[in-house]
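Since the structure of chain A is already known, use the hints to place chain B on it.
If you're matching them up, the sequences are chains A and B in order. Heads up: the first sequence is residues 99 to 480, going by this note's numbering. Heads up: the second sequence is residues 99 to 480, going by this note's numbering.
What the hints contain is simulated information worked out from the structure, not anything from laboratory work. Possibly wrong hints are sitting among the right ones.
No copy labels: a pair is met if it fits in one copy or bridges any two.
Using 20 angstroms as the maximum straight-line C-alpha spacing, the simulated SDA-like pairs for lysine to any residue come out as follows [what the hints assert, rightly or not]:
| # | residue 1 | residue 2 |
| --- | --- | --- |
| 1 | Lys467 | Ile316 |
| 2 | Lys398 | Pro408 |
| 3 | Lys416 | Ala181 |
| 4 | Lys206 | Ile316 |
| 5 | Lys139 | Gly386 |
| 6 | Lys253 | His385 |
| 7 | Lys277 | Ser100 |
2 protein chains.
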Amino acid sequence: MSFRFQIEARDGAARAGRFFTPHGEVQTPVFMPVGTLATVKGVSQDTLEELGVQILLNNTYHLYLRPGVETVRQLGGVQKFMAWDRPILTDSGGFQVFSLSDLRKVTKDGVAFRSHLDGSSHFFSPESAIAAEIGLGADIIMAFDECTEHPAEYKRTQESMEMTLRWARRSKDYFEAHKWETPWFAERHGQTQALFGIVQGGMFPDLRRESARRTVEIDFPGYAIGGLSVGEPRPMTYEMVDATIRFLPEDKPRYLMGVGTPEEIVHYVAAGVDMMDCVLPTRAARHGLLFTSEGRLTIKNARFAADEGPIDAACQCKVCARYSRAYLRHLYASNELLAQTLNTIHNLAYYVDTMRRVRQAILSGDFPKFLSGVRLPHLSVP
Amino acid sequence: MSFRFQIEARDGAARAGRFFTPHGEVQTPVFMPVGTLATVKGVSQDTLEELGVQILLNNTYHLYLRPGVETVRQLGGVQKFMAWDRPILTDSGGFQVFSLSDLRKVTKDGVAFRSHLDGSSHFFSPESAIAAEIGLGADIIMAFDECTEHPAEYKRTQESMEMTLRWARRSKDYFEAHKWETPWFAERHGQTQALFGIVQGGMFPDLRRESARRTVEIDFPGYAIGGLSVGEPRPMTYEMVDATIRFLPEDKPRYLMGVGTPEEIVHYVAAGVDMMDCVLPTRAARHGLLFTSEGRLTIKNARFAADEGPIDAACQCKVCARYSRAYLRHLYASNELLAQTLNTIHNLAYYVDTMRRVRQAILSGDFPKFLSGVRLPHLSVP
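Next up, chain A with everything else stripped away, as it sits in the complex (with noise of 0.2 angstroms):
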């Protein structure tokens, strides 16, 4: 079997485990990096090893659109296209749709919308998205569904609820009849990728519940919790987890979609969640906002201007073992290319050092403590 998942220690409903995927082995919670298209922007397969980065997320929508399916598909897949041989992610391209195409009109069958790069139109069903992501052949595939729009009444979120619903049922089906198109199927020994299904609900905990349970009848290897950080306040989001992940059976992976600061994903781990992916860590960086153990730290800032020392004295990363805010800051300031690069590999070693300290909390049975000390600030990214 491809995908396993198994627990090796619990602490409150915080679980520290792996799964195991076609390209190798994944330890939880795990921090997921966003690689758009096929690359994390600006740091090279090499050095996202080098940070202990495990899994990549992918975006079908992007890849789609450029360089295509059939491009990567006849190249062997995402991991042999991008040169990464762990595993990978991809989203079904749902949200990407909802987000960023024009004229998109949704009817029972999909969605038919205009790419946002040239305005060509497209046509995403469940059909066809499962097979753009089985066609990408990322280890972790994502069911097709309808990001519900934040807020919305109760009646509509119902509806979009139900249409994922029937989507998800949709999605399954054609994977289980096609998950051996899957480029490197022959290669891996007959192994198939793993599709994960998708709870909706919008803000309501009663539309959440029940979406949960149907989405858990359909039989799914692992959940995820989509349709938050779409603009909610924060604490709905904790709110919209909670009751969502109680009636998300214990055994299998649950992943919350696109959150968060360093400081919630450490919160969303005490609340039972094993898999998060978000821009923030890259985007941020790329705009010179930098995550610290002493917080948040603008680059720009003058008061970096002459200052020695590293972004993070606690901080055991390349970026910050060789150089100074001074120079950082003179890079960023300079719109220098190797600014963006550098505060990124800063960024995301601090979100996978996060998790590697959260995962060893839960396994040393320290998390509470751990937990205790991570204080939610809010952040607005630009």
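Structure of chain B alone, referenced to chain A:
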């Protein structure tokens, strides 16, 4: 003594040697990548080390404007500032003042100019330019010169050459009086920077000869050939190199500024050149133009869209070892940061490897054979 040059082998006019600086030794002939703002655009210092880059060029004009000489001086000089513990060479800023700045006004005292960044007013004299170079603290610094424009009449070229000769004298006088002010002077056991002279003389062989002879009379530990690669046809460049180099001392390094293609640099070595710098490998890379053992390659070309091969099958660089042309084409076409980084790494590897093979050929007596295999295609750079 801080700077020493030692020739190990000769083959015709070509030489293999090494020079010694306060930050270590450099094997010649050497190509110096350009790191204008104390960064080789898109490439981290550890990667430059891995590539075997021995010495970088930094631009005084740019660093004077950002982050400012005083900031770099306080931080210990450019090596500490950019966390690069190998040798660095700075130009004098003269070339940039003439090519980048607005509203410049040249008098016998120096050049008044406006910053290309914000229009602010500045003045460089031989004394202030050398003071800036001492404050930046590169291992090799260049005399302040006037790069004669091309084309220029004989009389104008002669006057410009005379100006450069007077400024060379003043550069040296100022340097001798202040050379212990280098930021790392004490910590490097009283070693000093090395100030090189620059030969001008435009496209007139007799002026080149006169400039060379009189620059040599001033006496520098190394000599640059300036004012070439400024728009003249390539055969004229070769003619001027030849007209200059025969009047430069055998026992001092010769630095040809601002050249060239991979083929050209081999031919300049054949003419007796020891050091070169050029933005070509790095700038061309950022425009998707790659150098290979089989010729140039424009990575955005659609024919690479599904090409699984490396940029250059004969190349040992880490980009060629890992990534396909299809992936690099995708990154470039998608305007991804990583395209610029990976392309630059490859082109620098190609230059470094070319110089390594040239040096080996000179040491082993095979240089004539090596040279006969290097043709000179002409190239227009974006």
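Which numbered hints turn out to be false for this structure?
Failing hints, ascending: 1 and 6.
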